[in-house]
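A.B. asks: Keeping the supplied structure of chain A fixed, place chain B upon it in accordance with the hints.
Listed in order, the protein sequences are those of chains A and B.
Residue 191 in our numbering is what sits at position 191 of the first sequence, and the numbering runs on without skipping anything.
Residue 51 in our numbering is what sits at position 51 of the second sequence, and the numbering runs on without skipping anything.
Relax, there's no trap hidden among the hints.
Each pair may be met inside one copy or between any two copies, as identical chains are not told apart.
Listed below are the simulated SDA-like cross-link pairs for lysine to any residue, each with C-alpha atoms no more than 25 Å apart in a straight line:
1. K2 with Y53
2. K2 with N244
3. K2 with A49
4. K2 with G237
5. K2 with R241
Since the hints were made in silico from the structure, they are not lab data.
Protein chains: 2
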Amino acid sequence: MKGMVRFVGAGPGDPDLITVRGLRALQEADVICYDALGVAPELLEGLRAELIYVGKRCGRHSRSQEEINALLVELAQRGLEVVRLKGGDPGVLGRVGEEALALAAEGIPFEIVPGVSSATSAPLSAGIPLTHRGVADSFALATAHRRKGEEGFSIPPYNERTTVVLLMPVRTARAWQAALLRRGYPRELPVAFVSRGATPAQRVLVSTVGAAAADAEAARITAPTLVVIGRVVGLRGRGLRWWNDRDARECAEEPTRVDVLAEARA
Amino acid sequence: MKGMVRFVGAGPGDPDLITVRGLRALQEADVICYDALGVAPELLEGLRAELIYVGKRCGRHSRSQEEINALLVELAQRGLEVVRLKGGDPGVLGRVGEEALALAAEGIPFEIVPGVSSATSAPLSAGIPLTHRGVADSFALATAHRRKGEEGFSIPPYNERTTVVLLMPVRTARAWQAALLRRGYPRELPVAFVSRGATPAQRVLVSTVGAAAADAEAARITAPTLVVIGRVVGLRGRGLRWWNDRDARECAEEPTRVDVLAEARA
Chain A
1 MKGMVRFVGA GPGDPDLITV RGLRALQEAD VICYDALGVA PELLEGLRAE LIYVGKRCGR
61 HSRSQEEINA LLVELAQRGL EVVRLKGGDP GVLGRVGEEA LALAAEGIPF EIVPGVSSAT
121 SAPLSAGIPL THRGVADSFA LATAHRRKGE EGFSIPPYNE RTTVVLLMPV RTARAWQAAL
181 LRRGYPRELP VAFVSRGATP AQRVLVSTVG AAAADAEAAR ITAPTLVVIG RVVGLRGRGL
241 RWWNDRDARE CAEEPTRVDV LAEARA
Chain B
1 MKGMVRFVGA GPGDPDLITV RGLRALQEAD VICYDALGVA PELLEGLRAE LIYVGKRCGR
61 HSRSQEEINA LLVELAQRGL EVVRLKGGDP GVLGRVGEEA LALAAEGIPF EIVPGVSSAT
121 SAPLSAGIPL THRGVADSFA LATAHRRKGE EGFSIPPYNE RTTVVLLMPV RTARAWQAAL
181 LRRGYPRELP VAFVSRGATP AQRVLVSTVG AAAADAEAAR ITAPTLVVIG RVVGLRGRGL
241 RWWNDRDARE CAEEPTRVDV LAEARA
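Next up, chain A with everything else stripped away, as it sits in the complex:
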């Protein structure tokens, strides 16, 4: 008897932004393996399933990718219906492929329930659609996270019709800012940092390519954050800011420094 694994996208961090099918999969599962990153805790309450934390954060026990793969195989081979819950969408930097290939190698059936990616929903909550007629007809998404020994970012050369989204941009801000300038992005092109997007704790900092890293440091932007680069950022200020979010300048811990910064640029 073999079980199976359903990969489920939890959405961007609000429990109501999981799909109907994803919620049903959680309710029917025997066991749920979840990450901390981006998964709303409310999604895991009141379920009959056994919960197994497999995240790589917060100083808790850290499992390697190989250990996670082996765990999924073992649980399914015990005949269990397993849900592998991931933040956002499993196919957008979610490593669903690695885990699913491990299952396929053992002949274990799997399904993938897509989720709302934070890459698209966090900008929308900040009043920034990634495309807009006459402004942008395309977008590019890349990770700004770098592992040891890696160099560079997959940032395309500047095209005024393409919006760029970078995930995990906080620690590498000076490096990707330099990469943008090298690839022809104008210094005055707007940049928005969206922290905890699509949740009640959403914060937004609007800056420019030329000032992004310094502004993010001054406003003490922390993860989870993504950054949106392009002319669509300007739509937020032209009427599309609808979420009652906190401007990062309003809630920075050192208002004096930030006031000085704002005055200097006014």
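C.D. replies: For chain B alone, kept in the frame of chain A given last:
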């Protein structure tokens, strides 16, 4: 008394792939303005809301964007709770910005409920994650639809670590194929056409940059379809094909031509 408008992403075409919040918005709405494109008909059954079709397809009455904007304003000003239902995600080529700016100009409150974009979920259903460690760390999404007088596509120069997704690629296949070759994409790089992705009618055709347009014509690929370009397409054949979809070569209406094609390339 003023009403409000909720923009809701319906997801990629399967009724269970709407979000929990989106489904609730449909149930609570007074009136729902919907497109045909990508919205599962089951989502509109059994609701108390008045349903208004505002799509631009299928030979039915066609409303201009300005007429849709004016309709949303008028309904909200009558004090109604309006849902504007869109296929996929409202922020990915969904024109949410234009409609929301029209509401903002009249002081009408709006909310945006994101959806699962077909741009990410249709590839996953075809066994193709857009990113995969060691293969692709980024993706670019562009429309392949062109309006009268428009030239070119926002396709970035070739980067082996970037997957490219083109929406609405069927009618312009020869043009974007030429654009890919001009921008350095290798002729043998794999290309997947995914038709009606993430629905029971899903069909997939795997081809190459060099053969894409001819293969799509031979297999009679029709809209709605998107195309995925990049090395991640190869993962489908290496164990990630999990959906019981129909290979486009199996179900083409002219098997003889397709058999000849397959033999010629074998």
